[in-house]
Every structure is written in structure tokens, then in C-alpha cells.
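Trainee: First to last, the protein sequences are chains B and R. By my numbering, the letter at position 145 of the first sequence is numbered 145, and the numbering carries on one by one without gaps. By my numbering, the letter at position 98 of the second sequence is numbered 98, and the numbering carries on one by one without gaps.
Hints may contain errors.
Reference excerpt, derived from the structure (chain B facing chain R, CB under 8 Å, subset only) [to be verified]:
1. THR39
2. GLY324
3. ARG326
Every beta carbon over 10 Å from chain B, so not counted as near; a handful from chain R, in silico [said to hold, decoys possible]:
4. THR71
5. ALA123
6. LEU180
Hint data in this document are derived by calculation from the structure and do not stem from the laboratory. Beta carbons: idealized from backbone N, C-alpha and C, even for Gly.
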Amino acid sequence: MILRLAFRSLMARALTVGMTILAIALSVALFLGVEKVRTGAKASFADTISGTDLIIGARSGSVQLLLYSVFRIGNATNNLTWESYNDIAARPEVDWIVPISLGDSHRQFRVMGTTSAFFERYKYRAGRSLAVAQGLLMDDLFDAVIGADVAATLNYKVGDPIVVAHGLASFVAHDDQPFRVSGILEKTGTPVDRTVIVSLRAIEAIHVDWQSGAKIPGQSTPADVIRQMELEPKAVTAALVGVKSRLQVFGLQRAINDYPQEPLLAILPGVALQELWQIVGIAETALIAVSGMVVITALIGMMATIFSSLNERRREMAIFRAMGARPRVILSLLVLEATLMAAIGAIIGLALLYAGLVVAQPLVDAAFGLWLPIDPPSLRELWVLVGVVAAGAIVSMVPALRAYRMSLADGMMVRI
Amino acid sequence: MDSDTSILSLRDVRYRWPGRASFALDIADFAIAPSETVLLLGESGSGKSTLLSLICGTITAQAGSVTVGGTDLASLSAGKRDRFRAEQIGLIFQQFNLLPYASVRDNILLPLRFAPQRRARVAAPQEEAHRLCTTLGLPEEAIAAQAGTLSVGQQQRVAAARALIGAPPLIIADEPTSALDAATQATFLELLFAQARANRSTLLMVSHDARLAAHFDRVVQMSDVTSPLQGAA
């Protein structure tokens with residue numbers, strides 16, 4: 001009965017209570033939304049590469065190597081020579097190796113040169129392989145396989161021509177050697193979706209008439225002639241490596257880091273990701289703190305609402321006292337009301353979060369390549385909700401204690 | 001009247017509101033017999049509400065004793081006094097003091113929530129609330145209505161039903177008819193008296209309206225109960 005009366009009392013003040021609940025709901029949705037984006041980003045990053053034991057590149061920072069080789073963020077400071085690549089590939093510990101050559105672009109998307117082994121060896125999201133949605137993998141030298149986002153953004157179909165630009169922000173195009181879209185990959189939620197993949201030989205092919213980063217004036221070798229060339233690369237940007245035994249990973253890493261012919265760096269993708277989290281950890285903490293403060297502000301708002309209603313509710317409290325309610329019943333009633341408000345706010349906040357996720361998921365994916373999963377609430381999120389309700393009950397103790405003292409002083413004879 | 005045989009007895013009671021030196025209440029002897037109906041007449045500011053607060057135990061006398069049903073309220077802890085009030089006293093207020101957002105049924109049943117013995121006296125609380133409503137002249141559909149939506153006269157009947165449920169030994173009514181017109185006053189008092197008699201409850205009504213005197217077994221002037229105020233300004 002007391003619970004029903006508390007609920008009816010809330011309903012009688014529907015507007016102010018509704019506004020308070022809305023404030024709590026929005027703050028909870030924001031807090032959980034930040035959590036979702038944070039964990040979604042982490043999972044998305046972590047899912048980008050799977051099954052690769054080492055990434056090798058020119059010596060720089062491990063995070064930098066991870067970012068440019070896997071996430072296509074930033075640029076390599078140097079390359080890995082083809083001799084070194086072959087030397088490492090020939091080591092007995094190496095099970096497989098996939099070269100990556102970056103540097104050119106098509107519109108806003110990176111172009112990556114690699115071998116057919118990339119499609120076999122590159123794994124994402126706990127071991128899933130790349131799959132072709134339309135068309136075929138590269139067959140001809142000037143075939144290109146494009147990621148799902150490239151196809152969707154540029155409205156490309158199999159057979160469409162692609163002209164690769166030299167460099168990343170260059171106005172000079174390799175228009176004398178256009179590519180053809182041979183296949184479109186299925187959506188992966190990884191940077192592969194935003195990549196144009198060509199063969200390693202093709203990267204060499206489009207640079208046949210180039211020297212020191214500039215086109216040789218007046219020279220244009222026909223495509224058929226280029227197809228007959230050997231086209232062995234002089235260098236690659238990075239390489240993904242799988243070892244035969246996981247016990248050999250650290251030994252191989254040490255050997256590559258001490259490679260005498262050129263300064264190289266081998267990183268473990270998972271460890272480099274951890275370093276990356278440490279770097280972004282401060283911003284992450286700040287984001288959580290700000291959204292946490294929004295929740296606290298909403299709860300303080302609720303406390304202020306209860307405080308401001310106390311005077312007009314003195315008669316109500318006096319009625320309870322006259323009927324035999326102890327002052328602590330008055331206290332419990334207010335705490336119960338606040339708990340109800342916080343609980344309703346938390347549930348609405350959760351509903352708002354999921355409604356927001358349904359709307360934002362494709363938009364965020366398209367804009368940032370970040371796939372926010374719509375999963376049931378995690379244990380951590382449920383604890384956050386419990387925490388909000390508990391915090392609501394705790395902050396309501398302040399006005400509830402005031403009501404307790406008022407009811408002691410007023411007794412049952414309030415005339416307002 | 002012997003305090004052992006009376007339902008209500010105040011002896012040598014003194015009370016002064018904290019921080020209000022201008023007002024004090026001093027009652028040498030005031031008692032009511034079981035099943036008696038008493039009208040306590042007094043002007044505004046004569047201390048009627050303070051006297052009711054003392055009888056209900058929401059304030060405690062600084063001297064003397066207030067005994068209800070043979071129990072000295074001063075001997076009870078604050079919590080027990082609250083429980084005792086719920087068990088022993090049915091209250092009707094001038095402003096009705098219903099919870100406007102709650103249903104008529106919930107308003108009537110509210111005192112039983114805090115009074116287990118009083119609740120135990122009612123075999124079927126819902127039916128009893130319904131019976132009281134009907135007996136006091138409320139329409140059938142009123143039981144489920146929100147109390148705040150009823151007319152003034154209907155709200156006062158709900159307040160009476162709330163005081164009567166569970167047949168408390170003592171019913172205290174504080175100016176219960178002041179908001180009602182003459183015709184409704186008479187009807188309301190008749191119904192209240194009938195129910196109080198049926199329950200064998202004692203009725204103490206506080207009012208400034210001397211015209212009500214004819215309805216009661218005894219009329220007491222507030223000025224006869226209270227001694228000349230010592231320390232009053």
C-alpha cells in the first residue's frame with residue numbers, strides 16, 4: 001500500500017517528477033552511451049586483426065607501426081627492403097608472411113598492395129576470414145578488390161574502372177594505368193572496408209614510368225608491356241607474420257629487432273594495442289568522468305526537486321503522522337520515491353540508449369567505421385544502473401532527513 | 001471522574017511550545033468517560049489544537065499526565081506513542097486531511113496500515129471500507145475515486161470513515177463541520193454519532209460553534225478546562 005501511495009504521490013506531481021526522471025534518463029543514456037562507444041571502439045580495434053603473431057616494419061614506434069599497417073592511420077617513416085622481407089620470410093620460425101605496400105590512394109581511400117596470401121591469412125573478429133561479396137579476387141595485374149565502404153561510398157560495381165592517385169593527397173594520378181574492380185569484399189567493420197586492394201606487382205606496375213616520386217616526362221609504357229615485366233618490388237611498407245609455434249614469437253621478434261642489415265621493428269599486435277589504450281586512457285577516463293558528472297548533476301537536480309516540494313507536502317506528511325506513521329516512515333517514503341524516480345529514470349535511460357544505438361549504429365559505422373554492437377546490457381552496465389538507483393536513494397537522504405525533522409516538529413497539526 | 005474508568009484523562013498537565021513564551025497550556029483535570037460524546041468549545045488560539053496534540057501524543061506534556069484508555073502516554077517511547085495513536089484514536093480534521101492523490105479506499109484503509117490490532121478487528125478491510133462509505137452516504141463509485149476529486153461534503157465523509165474504521169475507542173474531531181453548510185452539518189453529525197455509538201467509541205469534538213451543543217452528552221468550555229495561564233503574555 002505504501003509503495004502504491006508513493007507511486008500515486010509521484011503521479012500527482014507528474015510534470016516536475018517527469019522532468020526529473022527525464023534528466024536522470026538522459027544522463028544515464030549518455031553515461032551508458034559513452035561506455036558503449038568506448039567498449040565498442042576497443043572491441044572494434046581489437047577485432048581488426050586476429051591470428052597475426054607479428055607485424056614488421058621500419059623502426060619507429062610500435063603504436064605508429066600498428067596504426068599505419070593495420071588501421072591505415074598515419075604514414076610509415078621508412079620501408080622494409082625486399083631483401084630483408086625475403087630474408088625474414090625464409091627464417092625457419094616463419095609459417096607465413098604477407099607483405100603490405102601503402103602510399104597511394106583512390107579518392108579518400110587508401111590503396112594497399114599485397115599478395116593473394118593476404119586474403120587467406122588476414123583474420124578479424126576472432127578468426128573470421130575475408131569473403132568476396134561480388135566478383136572475384138585479383139586475376140589480372142590491373143585488377144582491384146575494394147572494401148564494402150569503398151563500393152558503397154563511391155557507388156562502384158564490379159567492372160568499374162579505378163584510377164589510383166600517387167601519394168595520399170596528390171593531384172597526380174596514375175591515369176595511364178587504370179585498374180578495374182574485380183571484386184567487392186563483404187563488410188568486415190575493419191579498415192579493410194575502406195581499402196582498395198591491388199597486387200604488390202601492380203604497385204610496381206603503376207610506378208614503372210616514375211622516378212623519385214615523379215612521373216618521367218614523355219614516357220608511357222603500354223600495359224601489355226608492363227604485364228610482361230618481372231615487377232619485383234624494391235621495398236614494402238610492412239609485413240604481417242605468422243609463426244609456426246607461439247613459443248617462437250618472442251625469439252623471432254628479438255631477432256628482427258636486432259636485424260643487422262637495416263633498422264626494423266617487430267611488434268605483437270595485442271601488446272601494441274595495449275600501449276595504444278594507455279595513450280588514449282587519459283581521454284577515456286576524462287570522458288567517463290564528464291558523463292559521470294552529468295549523472296551526479298541529474299541526481300542533485302532530483303534532490304533539489306524533492307527539497308523544493310517539501311514545504312507544500314507538509315500536510316501530506318502530517319496526515320501520515322496523524323494516521324500513526326512514525327517519522328521514519330516519512331523518511332522511508334521520500335527515499336522510496338527518490339529510488340522509484342531513479343529506477344524509472346535508469347530504465348528509460350537504458351531504453352533511450354538502445355533506441356539511440358539502433359539509429360546511430362549505421363551512421364557511426366558509415367562516418368567512423370566504428371561498429372557499435374547492440375548487445376543485451378553487460379554486467380558492468382547493469383551495475384551502473386544499480387549504482388544510479390543506489391546513488392538516487394543516498395542523495396534523497398538529505399531532503400528525507402529534513403522531512404523527518406519537519407514531521408517531528410509539525411506532528412499532525414499542520415495548517416498551511 | 002476516576003482516570004482508571006475514563007477513556008481520556010489529563011491531570012495537572014502543563015505545556016509550553018518551545019520558543020513561544022507567549023503561549024502555555026495548563027490543565028488541572030479533564031476526563032471523558034467511555035462512550036461519552038463531548039463538545040469542547042473554545043475560541044481560536046485558546047489552545048484546542050495543542051490539547052489535541054497532547055492527547056494524540058505528537059507532543060508530550062512538560063508536567064502532569066495524559067492517559068488514554070488507561071495508558072499514560074509519557075510512559076511510551078515516541079515510536080510506541082505513534083503506534084498507540086494509530087490503534088486507539090480515530091481523527092477527523094477541519095481540512096479533512098485526505099491524501100488527494102490516493103483513492104477513497106486507500107485513504108480509509110491508511111490507519112490500519114500502522115495499527116495491527118485495529119486491523120485485526122476488521123475481518124475484511126476492503127468490505128468494511130465499502131460498508132462505511134455506503135453507511136455515511138457516499139455513492140457506490142466513490143470508493144475507487146481519487147479523494148481530491150470529491151466534493152467537500154463527500155471528503156468529510158471519507159475522513160469520518162477513515163476515523164471510524166477498526167472501531168478505535170476514541171474519536172477526536174477537530175472542527176469537522178466548519179467547512180460544511182448547515183444542512184450537510186446536521187446530516188454528517190447524525191451519521192457520525194450513529195457510527196460512533198455502533199462502535200461504542202468515545203467522541204471528543206473540538207469546535208467554536210456553540211450551536212452544536214445539543215447533539216452532545218456534555219459540553220465543556222476550553223476556558224473551564226484550562227487554568228489562568230502562568231507565564232502567558
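Trainee: State for each hint whether it applies.
Mentor: Hint by hint, here is what the structure shows:
A cut of 8 Å between beta carbons decides the hint on THR39(B): the least distance to chain R is about 42 Å, and the hint is violated. A cut of 8 Å between beta carbons decides the hint on GLY324(B): the least distance to chain R is about 2 Å, and the hint holds. Because the smallest distance between the Cβ of ARG326(B) and any Cβ of chain R comes to about 5 Å, under 8 Å, the interface hint for this residue holds. The Cβ of THR71(R) sits about 15 Å from the closest Cβ of chain B, beyond the 10 Å cut-off, so the non-interface label holds.
Under the 10 Å C-beta cut-off, the non-interface status given to ALA123(R) relative to chain B holds; the minimum distance is some 18 Å. The claim that LEU180(R) lies off the interface holds: its Cβ sits roughly 18 Å from the closest Cβ of chain B, which is beyond the 10 Å cut-off.
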